[in-house]
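Protein chains in written order, with the numbering used here: chain A, 1 to 777; chain B, 778 to 964.
Since the hints were derived computationally from the structure, they do not count as laboratory data. Do not rely on the hints blindly, as some may be mistaken.
What the hints assert, rightly or not - Distance condition first, Cα-Cα at most 30 Å in a straight line; then the derived DSS-like pairs of lysine-lysine:
hint, chain 1, residue 1, chain 2, residue 2
1, A, LYS756, B, LYS797
2, A, LYS73, B, LYS937
3, A, LYS434, A, LYS368
4, B, LYS937, A, LYS544
5, A, LYS434, B, LYS898
6, A, LYS565, B, LYS797
7, B, LYS955, B, LYS937
8, A, LYS704, B, LYS795
Since the model is a prediction, treat every value here as computed from it, not as a measurement.
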Amino acid sequence: MSKRTLYSDLPADLSAALDKQGLSTEGVVIWANADMDIDCTFRMHVFVLTRTHLIHGFAPEHTTRRTMTGFGKPDAIHYDIFVWDTYELSSLTEPTIDNLVVGGMFHITIDGIDTPLAAYTNSYGRRMHKLKDLFARMLEGKELTEEQLTERDREQVCPKCGSPYPNKDRKICPKCIDRRSIFLRLFSYFKPYWGMLVVISLLSILNSLCNSIWPYLNGTILYDMVLSEDMGVVGEYMPSVTSFFTWLLILALTMAGLKLLQQLFGIVQGRIVANIVPNVVSRVKSQVFESIQSLSVSFFSKRQTGSLMTRIVDDAGSISELFIDGLPFLLPNVLTVVFSCYVMYSTNWLLALVATLVLPPAFIFVGKLEPLLWHYWSKQHQTNRNLRARVNDNLVGARVVKAFGQQEQEMARFSKANVRVQDAQMDTVRFDTKFHAIFWVAKNASVMLVWAIGSMIVLNLTGSSMTYGTLITFVGYVNLLAGPLDFFSYIFRWWAHSMNSAQRIFEIIDSQPDVVESLNPVHVDSLKGDIRLENVSFSYEPNKKVLKNVNLHVEPGKMLGIVGKSGAGKSTLVNLITRLYDPTEGNIYLDGINVRDMSFADVRRNIAFVSQETYIFRGSIYDNIVYGKPDASPEEVLNAAIAASAHNFICKLPDGYDTIVGSGGRSLSGGERQRISIARAILADPKILILDEATAAVDTETEKNIQSALSKLIVGRTTLSIAHRLSTLRDADDLIVLEDGEITEHGEHGDLVRQKGAYYKLLQIQSKALAMRGIED
Amino acid sequence: MSTEILNTENVDILEQEKQKVDRLLSMNYLTPENASFAPTPGGFVSLTAEGKTYPRVTIYRAFPFTQPGEFLSVREPDDKAREIGIIRDLSQWDEETRQNIERQLSLRYYMPAITRIYSIKEEYGYAYWSVLTDRGPCKFTISSGSSSVVRLSDSHVIVKDIDENRYEIPDLSKLTPKELKRIDLYI
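This is chain B alone, in the form it adopts within the complex (with noise of 0.2 Å):
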């Protein structure tokens, strides 16, 4: 290695170097007091902090399933989705930021909830659903084998079928002992 790159304008790149991977491991926190988001005539949201304007973040959910509206991550929108910071807790927003966040959110993490089981009928390798969804009835397939019925505690339940499309049962205590017995086989 020849000694003329390691001359003084590479301690600059180093200190660089060094910056970034502090903020990397650093958590930024995204407050009403340091952050405003607001809507994109799109329907999109769009992000001020520290002084930067983001046209447009997307937003994830850290925990999806047990924490829903806790610890959000705020991420550009490119391919490499580089985090800007996470929101702690979604209620302490004012409530026109709450319902422009959560739109957001609610497409990302679209699931239609399973609220009946009509019937299910297994067939050589494949399972064919037809139940009563949230957004109306719906018929689908998956193939028999344990993993397309993830059972996240004793009663939330998600179903993926043939395409991995995502169903949930989020309360199987809701279901009549009837719909229960037909999908015992799959929890």
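Pulled out of the complex, with its shape left as it was, chain A reads as follows (with noise of 0.2 Å):
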């Protein structure tokens, strides 16, 4: 556990500045940064606020090289040359921020003129927030707890290279990150198939040595002896061969035999690749998936759904691409490039030279190149996606095109983005072209100049001697050095581009949940359903607060009804009652327990929650509804559906409770789905039970059906309902209404009817139905 850190740790050089000036750092509070005038203009300020005064300091010069969250350094703030003005809290009252379209404005009444002080873009806004927000509390009169004090989390900098983290819920600094840890990560996972691995590697050493061994048969064995009629050495391994006709045919033979050895190494290592990555991939693609499910809400709410799936899907992917078709040849082609080199340099060292040198300058060339093919790809890659895209939403929209008759404009929407393909491909297809024009140029200029040396030294015009085969063979070598050039140009790229990916892999495994079960959970069989709510406030941006200081009371058994726009907070208290979020500020207890020391297993069971938004997964309806007691008997099935007077709606379908539903499966309607999830949580017969706007989506008729199911359903738990019609909650004990976060009115139905407030207002309006629903204050 680190150390606890307050907003009014003064960083030194600030403290320093401030005792230079003689202003008091007693009793500081907090201390924020803003980086902008309310002209626009960049400036630094610092504003202290301490028990008894603000002090602003501000840059006696304006910014003019800025550099913003994950370059680097953060740009250094010379506090020492700052100008000081200090205001006595007497004179100031309601500190603002306005929002802007990117940060926020600071402004206060100084002896009652409304006051702008300055300005600051996003990265400075969750400081100056926390400012607003004491300073209110404190001119209120309020207390500030301990808690609020604390600084929950501190922005932190890499150890390494000092700069901010770009990505808050992940420490990792992506320039200092260690690449190779990843990789290694990424090995550890085919530890298991360590035998094969070791097979593989064998297999791909034999297969370089068949590679290598080619260009020496074909060329110095050919034509120096077999075609010279001069065995040498070799004709000692076999005196019985005489015949030159037999040695070209055990040649030949043995050359066959080479080239069929190497095919069924590479067929051998191909299947046991085949075998190994897939299992990996789709273990590490499980992995995500698991680590997805133990996810707060809170994390799907900041990622599109799109980004998740490509993480999933072509991540996973990459990472495969790289195991399958890279990886494999590293060693075979490592391999080639020394024993050719060996067997060159052995045979003739200055031919050798001649043959290696052009090497370097061409490989260099092709590594400068490689990068703008590989943008070029990425480019095409980026415009089909987009073109995706772009049929995926007509597509899914296609009855509003056909409604307002736009066929013509989308076509034309569709061939803009068609021909930005087209562009990408053709850019594409011409730089691949020239590239390999290149790379072929080079590596052939190679192949001329060892002929040209080569044939003077053949002809003896040099001193030293040669045979033709030995020629022949070089020419073989560095024939076979094209390979590995052509491999090593890409494969760092490529080693970085799955890297990458596996890095974005690891970042959601490795990903705490904000809602964390607490370790040593308070075990409850069986609630009472007793919830009370304790100075609750919560906020998913720091700047909103969607719920203000909620004290709440309901007593097991009861029904709570809970009223007010939309917008109000009413969906967000419950959630945080199911535990889905945790409240910034403040507590909640069911029986009296903190629901954070609760296990999540013991808090769910004993919450239903029938939401606005239905979810109906794919597979039949009986799967649906015994989805919260997978354990319930058919019995207990019908029950719950008849309780929902869901029934009959599905004994009609042909298939019955067999009927499947979800995507690709039977489409139902907005009521019949409502009446599946209720039936679910009559089923699962929780003691307390959250309506969320319910029965939103039904007509008035089936309304009452779901309604006589409730009422039943709500007997003897303790029930949360949310609702826009009134009438939804005639059955409630207690009432509030909530207003921006706050609980503005709060009784039984009389009492509020005789306080004349918002409830009674609604009251009025809807029961003289008046269709005003919708329709904002």
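Work from the hints to combine the two standalone chains into their complex.
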């Protein structure tokens, strides 16, 4: 556990600068930076809030060059030359932040004049908002609790390079991350297959041996021995063979055999790889999926579903590509280079030098051009993705397109994206051709050079001598080197790309859920259903409180109705009780036990949720109903369906309870889906029932049915019911009205009517059946 | 539901609600004839319209990119931000009001414009941009992937960094071919 950090902990240079100015740092509550003047020019500001003063410092000069988050060390702030203003707290009222499109503007009323002090970009928003919140509390004369003064998630910087982490949820610096460790971690997935890996390595060594012998057989042995009818040293191994025709036959058979062996090795190796890699990839995929399941809801709301899909499917694919088509060929290619060089240098070092001298520049040249090729490929990829998205859009919205008669316009939009793909493809092909032309020129240049200088040596023009066969061997090796040259020019980038994918995948596998289960949860078998909220506040984003200081108590077995406009925080409130999120401040107790101390299983077993968004997964209706209680008997399921008035429509379906629903299956109407999810809740038999607009999607007739189903369901349970239609809440023992995250009215139906507040007004409007739903205040 | 609550006074409530809705559903234009803006001592804008004075108002653009000077929504400055009225066309107003309002707008919609692109380096899921903006040189990081760079039109591009700060490239055609090549992958 790291040291607790407080908002009041001043950085040393700021503290020193304040000292130098003779400004007291006693009773500091919080400090925060802002980076803009209100005329949109950049200037560093600092606010230090103490128990008695607000100190405002700003740089004498405008900031001219800026380094934003993620690029490395933040720009230094020279507090020692700042200009300082000090305000007595008694002269200040209404600290306010206006949200701008990006960032915000801090203003405060000084001696009755509303004065803007500074603005800031998003990077400084969190602390500025905290400063404003604490400031407002202090001015209201409220105590600041220790919890409020403690910095929960301090912005951390990479210890190696000092830059803030680009992704606050994952403390990893993309610049300093150890790519090798990612690779090793990936490799650890292959551990169970180490025996196979040894076999693969052996095979690839043999393979490259065969490869490397080939030019020798083809050159030296064929030309210098068999065709020159001089078997030399080789002949002594088989003195019985005298006919050179037989030698030729032996050579031909050996060469054919070699090729055959090579094919065989290749096949075996391929089969082993094909066995291992899909296994590993599918294990990585299921691990990603598993950890996604354990993550909190906030993780999903922060990310697009599309990008998550990409991670699971595409990233795993890109890793497998490296492991199938890349790495297995690494060793053979290295070995080919080593063998070839060895053979060449031991035969004729001069010619070997000539042959290999051309290679390094060629290699560098190819390496330089390769990123460009990569660039074109990515571009093509991206335009294709765009096109796909467009088509997807169109197909999903097909009905709207037809209804508005916009086919022509859609075609135009499509062809625009299509032309982009076409352009990108043409660019790629054009460059690819150029690239390969250059590549082959480089390669052929070295072959030519070997031919030229080799011929001179053969013709004895240089003093040293060489046979014709040796020259052929040489050319063979030079040709052989082209393969590895090509391979090494892209393997690095390929590797980097895959490590990138791997890193993204590990990011999910390593993500920590925001809502964490207690290590030693209090075990509760069955709850009575007592719910208590104490000073609960909650915000999804730092600058917008969705719930403000909510206090609430619901006794076991009672029904609480929650009324409020959309966006008032009703759904958030019930989400906190089911622990989909944890409150930012305050606590929630079930039967007197803090929900944070209970196990997820206990909480969720005792709470059932019927919401406006019905989740029907792919499977039979039966499967969908038993979702919350997998061991239920068919009788129980039928009873639940009857109670939810779903039995009738289910029986009328041709396939009854076995009807496959969900994507690709039979489509159900909103009311039907709703009734299935109610049946699911009835079957789960929870102590606490939460109805979030449970009857919003159905007609009045069906609503009546569902209402009667629900009134059976709520007996003996604590029920929280959110509704726009007040008639839904006629059985409620208690009602609250939520407005902008605060409980503004609380009491029984009669009390609220007498109060003549928001509830009363709503009742009037609805009883007159003025169809005003959906229109905001 | 008890009947006592359905007596005559409720007609007022219904009538009030109806008026409220009517107000909500109609567009209320602010013109130099029916409204006047004035600067406040702190540098904000106050409004007097329909006999009512608002000590401070906030102003939003309805079309920030396509029609920045037209259809400006004038709202109350609190969280609810109720709309007071709409300015149809800012150019119909006097010079002082125009400057005053434009000052408020330029803060709310502040966005540095990228004029030169020195380098873009892509590495492990992030792209590092080093650029010159109309407010000086700036280095920022975007997460690579198409959603960080939004193409508003053929020539107008918005770039969002990892803190969701925005930068704009107002006119792609003003960049050099080399610079265009650097950002080619993102647009």
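Verification of the supplied hints:
no.	hint	verdict
1	A/LYS756 with B/LYS797	holds, 18 Å
2	A/LYS73 with B/LYS937	holds, 20 Å
3	A/LYS434 with A/LYS368	holds, 14 Å
4	B/LYS937 with A/LYS544	holds, 21 Å
5	A/LYS434 with B/LYS898	holds, 24 Å
6	A/LYS565 with B/LYS797	holds, 16 Å
7	B/LYS955 with B/LYS937	holds, 22 Å
8	A/LYS704 with B/LYS795	holds, 29 Å
The structure meets every hint from the earlier list without exception.
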